[in-house]
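Q: One letter stands for each residue in the lines below.
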Amino acid sequence: MVDLTTTYMGMSLKNPLVVSSSPLSDNVDTIREMEEAGASAVVMSSLFEEKVIYESQSLDHYLNYGVDSFAESLSYFPDMQEYRTGPESYLNLISQVKDKTSIPIIGSLNGVSSSGWIEYAQKIEQAGADALELNIYYIPTDINTSGADIERMYLEVVQSVKKSVSIPVAVKLSPYFSATANMAHQLAQAGADALVLFNRFYQPDFDLENLEVAPNLVLSDSNELRLPLRWVAILHGQVPVDFAITSGVHTHEDVLKGLMAGAKVTMTASELLQNGVGRIGEILAGTTAWMEEREYESVKQMQGSMSQQHVAEPAVFERANYMKVLESCRPVAK
Amino acid sequence: MTRQQVTIDGNEAAAYIAHKTNEVIAIYPITPSSPMGEHADQWSSQGGTNIWGTVPLVIEMQAEGGAAGAVHGALQTGALTTTFTASQGLLLMIPNMYKIAGELTSAVFHIAARSIAAQALSIFGDHSDVMATRATGWGMLFSNSVQEVMDLALISQACTLESRVPFLHAFDGFRTSHEVMKVEKLSEDDIRAMISDDMVRAHRERGLTPDRPRIRGTAQNPDVYFQARETVNAFYQATPEIVQRAMDKFAGLVGRQYHLFDYVGAPDAERVIVLMGSGCETAEETVNYLVGQGEKVGVIKVRLYRPFSVGHFLSALPKTVKTIAALDRTKEPGGAGEPLYLDAVTAVSEGMAEGTASFDSHPRVIGGRYGLSSKEFTPAMVKGVFDEMSKAQPKNHFTVGIVDDVTNTSLDYDPAFDIEMDDVVRAVFWGLGADGTVSANKNSIKIIGEETSHHAQGYFVYDSKKSGARTVSHLRFGPRHIHNSHLIQQSNFVAVHQSGFLEQYDVLETAKEGATFLLNSVYGPDEVWEHLPEQVQRQIIDKKIKFYVIDAYDVARETGMGVRINTIMQTCFFAISNVLPREEAIAQIKKAIKKTYGKRGEAVVQKNYVAVDAAVAHMHQVTVPDQSSSVIKMPPVVPPEAPEFVQNVTAKMMAGEGDLLPVSAMPVDGTYPTGTTQWEKRDIAMDVPVWEPDVCIQCGKCVLVCPHAVIRAKVYDESDLSGAPETFKATEARWKGMEGQKYSLQVSVEDCTGCTLCVEVCPAKDKSQVGRKAINMESILPLKEAEKENWDFFLGLPEFPRQDGLNFTNVKNIQLLQPLFEFSGACAGCGETAYIKLASQLFGDRMIIANATGCSSIYGGNLPTTPYTFNQDGRGPTWSNSLFEDNAEFGLGMRLTVDKQTEYARELVDRLREAIGSDLAGALLNADMSYEAGIEAQRGRVVDLKAKLSGLDDPAARDLLSLADVLVKKSVWIIGGDGWAYDIGYGGLDHVLAGGRNVNVLVLDTEVYSNTGGQASKATPLGAVAKFAAGGKPLPKKDLGMIAMSYGHIYVAQVAMGANDAHTIKAILEAEAYDGPSLIIAYSHCIAHGIDMAQGLNQQKLAADSGHWLLYRYNPALQAEGKNPFTLDAKAPKIPLKSYIDTENRYRMLQQSDPDTAERLAAKAQKVVEARWEQYQQLAGKK
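Quick mapping for you: the protein sequence lines, in order, are chains E and B.
The first sequence begins at -13 in our numbering and counts up one residue at a time.
The second sequence begins at 12 in our numbering and counts up one residue at a time.
For reference, chain E alone in the conformation it holds in the complex (with noise of 0.2 Å):
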């Protein structure tokens, strides 16, 4: 019987597959139901401190809207004795998942103020996350601002989180720094317990018909993985961190091929999303079924073992490969 059991962030973990931040974990019976097929952990949904503070002035203006203008209509709606505008129901959600689960449950964090940064990370873990993972989903449209400026912000972000919480911190990055690198490296020296390469962001579409820009959402596909399976393999061994790979982790071989980069864990959603959770089970056991037919022993065992430390051509992952493979894509000569 082969080991799958992995660390990450200092948590063990019975197997290398968690469950990414997605819809699935807003809802604690799936949250079971994915851990009864076999996650090691879960990342909870995102908390938007900009949706709470958008519910808040929300429910604000339309408790407002058109009162005291009209004597027979002085207001539309009763006085409630509370709304949970705030993070309530997400961080309810925690306790309860908490207590229904026994496999890690991990915090995800959107903030937009430094305020809501350290307030909301310390209110998650109290409600009992084993770890934070901040979901720094920024983009930086205003031509002012630098690359330096964007890098700053996150560093601080994650200095102020890691000095205002004890638990272990992830921090989910964005593909498009210039030099990704060297920001792994900076988000290591402040504190970032592990990186999770790579944010997905949601990209517009356009509605032709009705002439509208259309955001839908696109799950992603195993082609996915060769970014954040790139950057891994580079900063593996390079950067103390632990690494999770979130990006196009479809099948067992995208598990396979991620750990051998050097993530600690991979972290699929869009499969589950697509076919749902029975997936985590069977993922699992084509990992385990790979790794028989090849007698290997443990996880441990190949985590960075294709890192470009590790391979026999290094460059592979560097720039010059460009070339061959756009040779490999000429069109065929009629």
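Among the clues, some could well be false.
Restraint-style ranges between C-beta atoms, simulated for each label pair [unchecked claim]:
1. E:F187 <-> B:S730: 54 to 64 Å
2. B:K776 <-> E:F187: 52 to 62 Å
3. E:V98 <-> B:E520: 24 to 34 Å
Dumping the calculated DMTMM-like pairs for lysine to aspartate or glutamate here, alpha-carbon to alpha-carbon at most 20 Å [unchecked claim]:
4. B:K1145 <-> E:E19
5. B:K606 <-> E:E36
6. B:K606 <-> E:D65
7. E:K37 <-> B:E613
8. E:K84 <-> E:D15
9. B:K610 <-> E:E68
10. B:K1149 <-> E:E299
11. B:K778 <-> E:D65
12. B:K911 <-> B:E925
13. B:K610 <-> E:D191
14. B:K778 <-> E:E68
15. E:K0 <-> E:E19
Covered by chain E, according to a simulated footprint, are these stretches of chain B (three or more residues, beta-carbon under 8 Å) [stated by the list, open to error]:
16. 608 to 620
17. 1128 to 1140
It should be emphasised that the hints constitute simulated quantities derived from the structure, not laboratory data.
All C-beta atoms in this analysis are idealised placements derived from N, C-alpha and C, irrespective of residue type, glycine included.
Model the placement of chain B on the given structure of chain E, informed by the hints.
A: Only chain B this time, still in chain E's reference frame:
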């Protein structure tokens, strides 16, 4: 014992006692009493208990009559039961009130007394409703102030239990029900001490139970009814003493002593006024002032009006009295006098005749009317009455407060007479509903009332519009109890939150010398002076006013407050009014913000804090020059070309000077001209739609959906463009057969509310810049003058001829029809008005409308102006509102007139066939009026007929002449909201639909009582939060259409313009064409849904797409063709219900307040949607 000081209004004070002392509460919304029911419902839903520790059971009924019936039943089975109502609601309770009193049942109804609809409806306060119940046998206690409401509510409850006589506890609608005042809150111990548990148990014992079987409510015969009716006498005789004992006991407990008749004034007064209600406060204040001046005057404040104790009344009057003036806040046309006057006359007469009165001489009693419909009752008027009483022959049956130049009943008085005390801060705030002025002022009253030793009072005046509404707040703060139940006459602080008011109203009229004036203006301290009208400049100089300015909108924008400038202006008020030290005031404002907004989330609190901190720094004192220099004058209210009535009457009301109109100016029977909103340019939109002809596809959707009919389209000859203003836009008309014609789309920017529905619905986008549509919002400022000119030119272009062969069955063509419903005061983006406007385009020139009370009767018929208008031939909808509950019957009556008169006219045509010519007679009788040209042809025949008849000297000919117009087809419409159709008017609606007459019923279904502030109706959907359904409506919406379809002979359609405009048009046309009853249920998005009103049409689409609102038509005419009459026009639901309801605050707030229930109800609602879809598919034969 120290009791809690609270700042509340009269409604809350009454509801507090009612909820503490009852077990069952049956409620129904009606202004101004609705908040009492809302409080009771909310307290019970939050687990609030009565003094016996149990939560009162609160139930909403379908009507006040239903509430009274439920109350009666609950009382007869032994529960302590109450209700709250006003006006017509109280009238609907009268039958049960006779029963409850006849059965000697202990109960209290709390009444926010309001005018009764006579020549017109009025929501405001007087005693007409209470007085209409005098004969029912109920006791009546009147409260004059908010404190008294709380006190006498409890005393009423105690007295009814002891006396077994039921009590109306009445107080003045709005003036007391809505006045916010600092009062001492009675404790539960106080209440327990007043309410005898033994008597409660005795009441319970009298309840009917099969364990002690009895019957009550028998039918009696001539042999015993009379005697049985007299059995109650002893109870009524005992009641006054019981009430006085209760008042004495209350005084012992609480310290406030009341009497059945409280006298205030000189012990040797010769002139005494007698009155009830809030007017007593002003009368008392005035009497005290006049006595201080040495005058021998006094006032009797009547507390217990029924049973009327002659002995107590006579004892309360000073023996020196020579003249008594009984002032009634009601009118009984044709009576010997109003009720209180008659009681006073009777009492004095009996007292003198029987020797029980101890007056020095026989006093003269005169009677007068005052204060109808919340007409102001001021110290000047009180003095005017006393002055009249000094005359040798004082006027009897007088009026005070108006100018009656017809029957000369009115008294003269000096309006300048004022008695306000100098130690009272009196502040007047002019604001808009949307800017939060009233909310902030309510907060200020709480701050001063609850955080300082000062007394505080606030009263708020609203205008009659639902969009761009003006509010005027009157706040008093002072060291003593405030006895002023009238608006501020002399203010030492005036704030104007909208600088546009300076050119519309005399905002500084009340400012006294040395007052402080705070203005919100885009102009800074160095520029603002030159932008003031000359009149305002002059007042500032003459009255030595200290003038401050702030650009509050700029501060609001900077601090994320949007258009809510309330917190900013409130902070400035405290900073310069010296009511509190500035730092303390700011701390208190922040505390109040936390208290008010804290539960909405920290982000909201912080936003307001930032606004408070930014406010004072942006306020500047303006250096006032010695001389006025402005050339800005107050413009005329209406242009000179407005009709005479509009000039002389309507314009005065529009200017806020309606109080000055004499009786002679008013129509005698409540009949007013239509077509008047066109003269009321409200100019409330900051951004207005601008048409882009190069992008426009001339689809007509913007014209169709515009709730205010401010977007119009015309097709006309190019030659008509001669003389067009330079900026007038026109393009080639894109209709088959109209090549070479011109097309213009024009916006009336001064009538626009800026709702943006037109932009949202516009499907045409610029190919090079998709963000630019064929219609886009732009700032009105640079456009206004040119667009006013363009609009005037557009109106002068010829209307498209209706009978020109164009088929008015689609959106594109209908845009060319003139709307005969325009510029209503409905909410910006209203979801109802587009349906009415559409019907007016299609049938307006032959439309008779019966309109149920509700939003549509308010924006349809609330003075000063009406949106219903007429075409170039002078034809247009004729409209009336009867009541809330009877609208279907009212409309049926109109139909019956049309049917009967048509029948008679046809008979006359036949009888006079020879005289008018057989051909014409035949054509008249056989006319096909199923299409526009056919109707127009008949109109031509009627003209010919009239010409022939006018020369005939024959009674039948004269009759036919008077009836000839009825030969042209009329279209009877019965319009109302869901509160009417689903609830209070349902019985009548059912009967009218079942009766088969040709009426068209349009239900504007907002799924809630919108007009009274969002109470649940039976149309409210499962899971939605509404008042009276604070925990989410637990049961599904009634399927009104399905019920109607079950008859088989009724045309029924469910439509949603935002989901399918073509379907809406088709249904309305089919309904009107159907020769029988028709019911159209129209989804109407509403401000009470908690939505962005600009997205209203999208909300309609989501409602349809989710299967919540199914589009269908049931046309019985198809049966004759052997077809299934039911057509399911909806497609299968394509989004989950959640995708719709999550976008509306009425559902979302349940998710925020009670997520488990929200989830459970949402799941149940989804199942209901699915089941209904199955059911309708079967009906359509698709399954």
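Q: All the hints need checking, so say for each whether the structure fits it.
A: Hint-by-hint comparison with the structure:
no., hint, result
1, E:F187 <-> B:S730: 54 to 64 Å, "59 Å, holds"
2, B:K776 <-> E:F187: 52 to 62 Å, "27 Å, violated"
3, E:V98 <-> B:E520: 24 to 34 Å, "49 Å, violated"
4, B:K1145 <-> E:E19, "29 Å, violated"
5, B:K606 <-> E:E36, "23 Å, violated"
6, B:K606 <-> E:D65, "13 Å, holds"
7, E:K37 <-> B:E613, "13 Å, holds"
8, E:K84 <-> E:D15, "12 Å, holds"
9, B:K610 <-> E:E68, "6 Å, holds"
10, B:K1149 <-> E:E299, "54 Å, violated"
11, B:K778 <-> E:D65, "47 Å, violated"
12, B:K911 <-> B:E925, "23 Å, violated"
13, B:K610 <-> E:D191, "38 Å, violated"
14, B:K778 <-> E:E68, "49 Å, violated"
15, E:K0 <-> E:E19, "16 Å, holds"
16, 608 to 620, "holds (count 8)"
17, 1128 to 1140, "violated (count 0)"
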